[in-house]
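Student: Listed here are the chains, written in short residue letters.
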Amino acid sequence: MLSNVDTVNSYETDALFPVVYDELKRIARHHLRTAAPDATLCTTELVHEAFLKLARERGAGWAGRAHFFGAASRAMRQVLVSFARRRQALKRGGAWQMIPLHDGDAALEIEMDSVLALDGALAQLETTNQRLSRVVELRFFGGLPESEVAEVLGVSERTVERDWIKARMFLLHELKRTEQS
Amino acid sequence: MDPDRWRVIERVLDEALAHRPEQWQAVLDEACSTDPELRAEVESLLRQATKAQTFLASPPFALAAAIVAESNNGENEAKNAGRRIGSYRLIEEIGRGGMSRVFLAERADGQFEQRVAVKLLRPGLDSELDQARFRAERQILAALNHPNVARLFDGGLTNDGVPYLVLEYVEGKPINLYCDERKLSAVERLELFLPVLDAVQYAHRNLVVHRDLKPSNILVTADGEVKLLDFGLAKLLEPANEDVSLTQTGQRWMTPEYAAPEQVRADTVTTVTDIYQLGAVLYELLTGSPPFGRRSRGLHELEGAIVHDEPRAPSAAASTGAGTGAGTGKPLRGDVDAILLKALRKEPERRYSSASAFRDDVERFLRGQPVSARPDTALYRFRKLVRRNTVASAATALAAAALVVATVLSVRGMRVARRERDHVEQALRRSRASVAFESLIFKLIPVGGAAMTYDQLIARGRDVLERQFRGDPVSRMELGIQFAQHYLQQGNDTAGLLLVGRSVALADSVRDAQMQVRTRCEMAYAHARAGRPDSALAWLARTRPFLSRLPDVERGTLDACQGAEGDAIIRTNPDSAAELYRAIAARSVTAGDTADLDYANILNDVARALHMAKRDRESVAILMHVADLQRKGFGPDPLDQAVLLYNISAVYTSLGEYRPAREWLAKRVALVPSLDSAPQPAEFAAYAYGSVLYRLAELDSAEFWLTRAFTRPELLWPRFALPAHYMLARIALARGRGDEVRHQLAMADSIYPKASKLVDAPSHGIAYRIATMDGGGRPLVAATISRMLDSIGYKPTSTGQWFIDPLLEGATRLVAAGAYDAATRYAEHAVRIAAVDSITYRQSGIVGEAQVVEARAALVRGDSAQARALLARAVPPLTYGLGARHPATLAAVALRDSIGR
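Chain order of the listed sequences is A and B. According to my numbering, the residues represented by the first sequence are 1 to 181, in order. According to my numbering, the residues represented by the second sequence are 1001 to 1901, in order.
Isolated chain B (complex conformation) (with noise of 0.2 Å):
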């Protein structure tokens, strides 16, 4: 600019500036009233203003560095040519990058033209380098054979100590640039793209995962063929150190522009960390721009973009892009935009679960037919929403190892997200009322706020929604079973009942069979949820004359009918429940589904089903399975990772390992302490620990956390509330707290009549009652207890877990009363009980401690050998699940070896 016109400008300028920017207008039309032309120069520099405070922020000195290190290398490098690596000769420089340079090379002996790509990775590295892991991670992608994936022939290391790798010599372009030179149509980019997938999905099925998926390792030949370079490459050369490979070798290996969110937040990388990245590759082909643009916009910006943002449709994005999007024939909306997004998404678990999904789908849409992907929407924050208020009221609770409740919890979320997934979606897309749907819940949901609460949004949802379809009745349907749902949740039964039925009405006047089959099993499912197993299996049986006559059914539809089924008969037939479940979960693994919530939650049922079966080491395993999904990755959600966590120590509660229960409890009151919604609130984890710890003897500690339990008294289920008063007392008790006992005893009489309905309820006062009862003759009490027994419905045949403390708080009062073979009775009676199999007999603290009671029945009796046996049996169970330095155990060892003298 000429320096005497920028004089005069930068005058303005200078004024401006030195007044606040909602005064810029007056400054100018001051100093610019007869210049027009000067006052635009100086408006469009002002509109700099904001974007020029953070400008040029940083000095560039990390960049200067960067190159200077780099072309430094470039410079040794130069030397290369004519080298001889291995079997090959070097014969120019064709490529280079950060990490290394790429020489076009051919066979150095001769004995046959071959050319091949020789890749020198970057000197120093080799110091990081584990280079047994490199090896064998080089046999693995040498074993990769697949027409559109580059070979790697050989590798190895340097003279020098270089690590080299021989590669296929693909003489091609990015993908990128070979569909703008050849401008091609979207269509034909999407054609081009089906044996991308197909390589990444061969690659994954050998389990190796690319990790820089990119445009530039996605080579077209000039035939038009496609090849994937660097597979696996960023794994190979992952030092050997874990913390390392967490940040630096991550950033090093990520490629901004292709990086998915857990790249970014260096969390775990998994075959689904390429399918997003495919999916931004794709989005760049179909829109001229990566999703969400270039590190040109600043790295930290891009960065928080992919973390945070959600992508542009790339329909719209295409429109103000490249343009490449134009030409086509079909348009880039809806469906292809469905698909992107889709691939694109912030969650793993909520992409595509493997490339064929994602092929599958781009197929579909070429072919004209529907794809499976579907936008996300409002509808899904609403879905999530509903299951997170699912559990709480859905769980329904088992067995109990006497004080300490073991309640297996739920997570409903499985068969009420697949039936929103294949019917709700679809039902309601077609009926259009979706649009209405999510245009609501737009309205309604505020975001981050809570300006109103699920409750009265559902109310108003229901009654809007209601008035608006009042002439659509597929729609009245499907919305009344998405209301119903919620009120079943909240344990509002009648009005659930209510809903559903309406929609069986409905789905019988237009006669639309796969709604009455499905209405049906809503019916079923409801009343399994309402606690009548029996009307839930008469409604189960109305459904299958409808099932027969349809010629196609629906996954979600069968789902929900054999979920329902297991629902109603969880109870009364747990082993059948866990094959119903187990066949859901199975139609999950035939579909690959499984990395995905849904499969996690129904293994769960699973697990669940087999605690009631009083299968615990089944059900532990599974519960282990699906602890290692989610170490995986795939179950990233922490509020069901809170059930999950609190499962699997219940179910060691179960079984009497007190140890292991403690353990998974002490990760899960780990875990966020905000996860207090619905489902899983932490009174409930703090009372499962309180207990846990008050087996372990650890008293102070565990009446902290029972204390905890009652943060939000109204949240404790009156099924844990019960027993916590009691333990309470006890640990009072023993403290001289004569005023905390009678209250807490208070607590319990007033929480009792909510839990009467339960069956282990009358046995928590009654095992206090035992151990608190004044002494007397022997004959007083033997009555006592066994009329005590009797009250709680005990017979010599039972076999509910609720049993065994009063059992053994009874066989100890015997023992001390010398009524030994009442005692034993009891103490054998308990551990045929607890034992649930033959391992319990070496784990279970339970099966421990009631041999010891056993054995000082034994000693009363005078059979000191047979004291001693038993005693031998219970220490190794007490040491397991109890812990060595327990008072039990040490007792039972002091005891041990008393005898022996």
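Chain A extracted, bound-state conformation (with noise of 0.2 Å):
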């Protein structure tokens, strides 16, 4: 079963990032059209429901629904991070001219660059020990329940628990480390 996540390759999670993106969009658009009260919890439902579609409908050419909720937990940080990168890169642009006339959505800037902070920590933890980057992915980009990630990387709840919290205090150590530095 680990190998199945093991071998998710950079090809197959590029492939699940239009998918991804695409139904980001459409949630997106539908928040706009409802104006939910509850973003937060109701994206979180959405994506979840999503993905449970697209594991049913690809699962077969996945080799599993386990190897899809791996690929699918890459490409959602993948998505995170790319637009974060972009989102820089156009804050960066000539500092004169740029008359940021209303920047509406300035704490959305503030999460980008925490997007990036966390997406460096946990390159980190990815050469330390890949099973905790993993259960990052599919837990907090992924937004798997513990049950979920223990049966997509085959090991007990138990483990995936413990991973969890360990995988966490070496992030928050590490972002402090870099933020110090």
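Possibly wrong hints are sitting among the right ones.
Claimed, not checked - Cross-link-like lysine to aspartate or glutamate pairs, in silico, EDC-like; alpha carbons within 20 Å at most:
1) LYS1757/B with GLU1714/B
2) LYS1051/B with GLU146/A
3) LYS1632/B with GLU1349/B
4) LYS1183/B with ASP1223/B
5) LYS1051/B with GLU148/A
6) LYS1051/B with GLU161/A
7) LYS176/A with GLU1043/B
8) LYS176/A with ASP1002/B
9) LYS1346/B with GLU1303/B
Claimed, not checked - Far from chain B, by Cβ distances over 12 Å, these chain A residues were calculated:
10) LYS53
11) ALA55
12) GLY154
13) GLU174
What the hints contain is simulated information worked out from the structure, not anything from laboratory work. Keep in mind the model is a prediction, meaning the values are calculated, not measured. A virtual CB, placed ideally from N, CA and C, is assigned to each residue, including glycine.
Since each chain sits alone in its own frame, please combine them into the complex, following the hints.
Tutor: And the structure:
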């Protein structure tokens, strides 16, 4: 089972990237239309639903559900990181003439910065202990509950629980270290 | 990290995590005994354990959706360059945000060279946009013309329906970047902020609120010129639907770092919201970070802090922050702290009431003059406590509409609060007593607990402070007045007067002219409260020579003197008292202090005096004005709101307009039930509501509320308890519950001695006795009623409202006994008392009822034309005051119709 996830290659992730992206776009449009009061909660449910649907549709060609979730979580991470990078680049372009007449979403900027920082720390974790970084991808970027992460990785729930806390300790530690330096 | 090293660390980490945190030390002692480096690494990981529990708790899907949506819009907009909008051609995109894209543009018709910024608002928004309002708001904004406000030139909808605005193109940098890049000192930053405050003041004067002030909306050009952007934009884009604006737009438009507490709570946003945001921006300029940090700490946490936490003093924040406060001659401590914390207060009414007041203080600081802002201290909490305990004993009761006693309560915070602000704070501070006072209060008031009662606190505080300041007459004088106020509020006149008297002597001994005036005013005030208006006036007379010697009378002193005089004469000459209160209110208006609770309170006093002067119509107009101020967010203290709602209904009751009175009381009793503290216990409202319902003939509800008024019988004033017992007796009588009737009458008798000083007290019992007296022959009935009215001091020239009920009950009995002349006389008199103005003939239920009695007397006399005329006149006021379905109205209509036939 474990091999399933480890064989997720960049090709597969790239293939899922536009799918995840389109899903997000659809969900975002949905929000604009309905102006849901609790967007966070709603989005989480919608993405879950979308993932499950995709897993059913594509599961066969993707060496099973576990494999699919591995790739989808990775794609979610990449969507976030690539947009955060793009935004950062845009921000750097010509400081003087850039007049932020209205940056209605300064908060978004800040979150984008922390997405990039998290991605960096996660890269460190990847070289240190790959399984821990997988747990983070599946749990956080994939939004899977611990039981499903355990299923995908083929380990016990207890192990996932332990890995998840260790991974977050590592990441916080790493973020603090880079912040200080 | 090296995977091998991690494996070693992880093993120890696993071991530790298998144990409880308090055992970690022991685990590490054993596992790392030979490797201190390992131990250090594991320990630093374990330090993250608590935070790790909540870190990355929910997946970032909403964020992902948001940026995908945003960049998607961006791609569509990229096609915009070169596009023509109105008479402008877009050149390039120069800014973007969640709500809009901004383009540099130039005139497309080439008539003259002008560069502008064109702001395209987010596509999709137009569907929610109220276009007529968008146009109207745009015109208001286009009229703003101030050197520090970026102009709005034009605007409209593009061909595909996207709203756009054409704005002055400002080549500048956000004010925080500008300051940092030029390494400006704190003083230079404050100077740069003055034009910002000017611009906001200008916009506010033109009734435009910004709502989204933040560094990126405050640009500074290369020449150092300040320009504010996006004034009124938040409102302009607000959808017409209010529900949406409260939840969605409110959030959408809020930049959390600079949001005011009322924005986080989605409460009413006013000009004072801008004051808060200005405070937040200035805070960042001086300390390097907004008052509660940034969103990176977590949005919920940030919002929670905005609503609940007190910001760190800027001086403390600056020393650890970006260090921007450094390099200045003047420290941030003290005055600048006070200025910022005042602008950042949670309660809108406690901030600067205007941008110009804010500016004045900044300027005073820059000039080295004392500022008006004072730190929010325990003294404030104490004062609040004082205020809450004020009204109960201070409120003076007034006219009575017979059984329904309409007592307009006073919110006596006004002068207490102002004098404290002007004198206690300054004088105490001068004499260093405040520090001791505050620290004492800190020690004595347990936060969130009630370890000590208010009285114990005062007694102990007075004791400690008098000892501590034995050799310091100025402080003792101040403290004496403070504590005297407490005793007076509690009805302990002797102790109160004694303390004030001591302060007068102290003021004379140190020859402090300002204090000599003030302590005498306090003396007058104390006497007025203790019900000795003559002594009060005598003290005021003694104040005058000192007053004329003072070169500059502080506003607070003047307020105190006029307030005391008003209180002294309110019974004998309420018209003049109203004028005195009005003068105090006028000074608030002149000083621009109307956005605060004191102003509402003094208006309440004006209304009280007008009510006592039988000018109820004017009184109610003023109270409505106060209600309006409250609706606009100037008086959010629910306690004062309770008094206000009560007072409005009391005046309506006095006018005989029971239906409006009932509506306002319904609002009052619907307020938070915990509002049962001393100034306005829930029992008062229950009493008032019950008596109005009684008048409206809703006897079941009336009985319920009147019974509720006795939940804590000791809290209900005798002036309320007495009529309440008679009403309950009447209700029981109507229900045939004899025991209950006897019980209520016995209770009324037992209360009577406590109420006997009240002018209206005897009338309740007499009205009851007249209504329930045994029948008898006509001469006997007439003689008995006449004797009973005599016993309460009734004369044909009486004007007291408390005579109305005995008169009407008497007239009713006399009609039944056939004595129509006397009946008509009494009923007519009742109308004269009740009809305070011409409107009452159309709206007062009392007038209507009295006219019905007159009509019945006319019928007995055989004058059906007169009866018909009287009934025709009676029906409209009955319908208005009591309602179309009230038994009295129905009976009057039936009677009228029967005569017609």
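Student: Verify the proposed pairing of LYS1183/B with ASP1223/B, using a straight-line Cα cut of 20 Å.
Tutor: 16 Å, holds
Student: Non-interface claim for GLU174/A: all C-beta distances to chain B beyond 12 Å?
Tutor: 9 Å, violated
Student: Is LYS1346/B within 20 Å of GLU1303/B, Cα to Cα?
Tutor: 13 Å, holds
Student: Straight-line Cα separation of LYS176/A and ASP1002/B no greater than 20 Å?
Tutor: Holds, because 18 Å separates the two Cα atoms, which is no more than 20 Å.
Student: For a C-alpha distance cap of 20 Å, please report whether LYS1051/B and GLU161/A respect it.
Tutor: 16 Å, holds
Student: Mind checking the alpha carbons of LYS176/A and GLU1043/B for me, to see if they're no more than 20 Å apart?
Tutor: With a Cα-Cα distance of about 14 Å, the restraint between LYS176/A and GLU1043/B holds, given a limit of 20 Å.
Student: Would ALA55/A pass as off the interface with chain B, using Cβ distances and a cut of 12 Å?
Tutor: 16 Å, holds
Student: Could you grab the alpha-carbon distance between LYS1051/B and GLU148/A and see if it respects the 20 Å cut-off?
Tutor: 24 Å, violated
Student: Taking the closest pair, is the beta carbon of LYS53/A still more than 12 Å from chain B?
Tutor: 15 Å, holds
Student: Quick one, are LYS1051/B and GLU146/A close enough, alpha carbons at most 20 Å?
Tutor: Given pair LYS1051/B, GLU146/A holds - Cα atoms ~19 Å apart, limit 20 Å.
Student: Since GLY154/A was said not to touch the interface, does its Cβ keep a gap of more than 12 Å from each Cβ of chain B?
Tutor: 19 Å, holds
Student: Taking only the CA atoms, is the gap from LYS1757/B to GLU1714/B under or equal to 20 Å?
Tutor: Within the cut-off at roughly 18 Å; holds.
The structure is inconsistent with the numbered hints 5, 13, although it conforms to all the rest.
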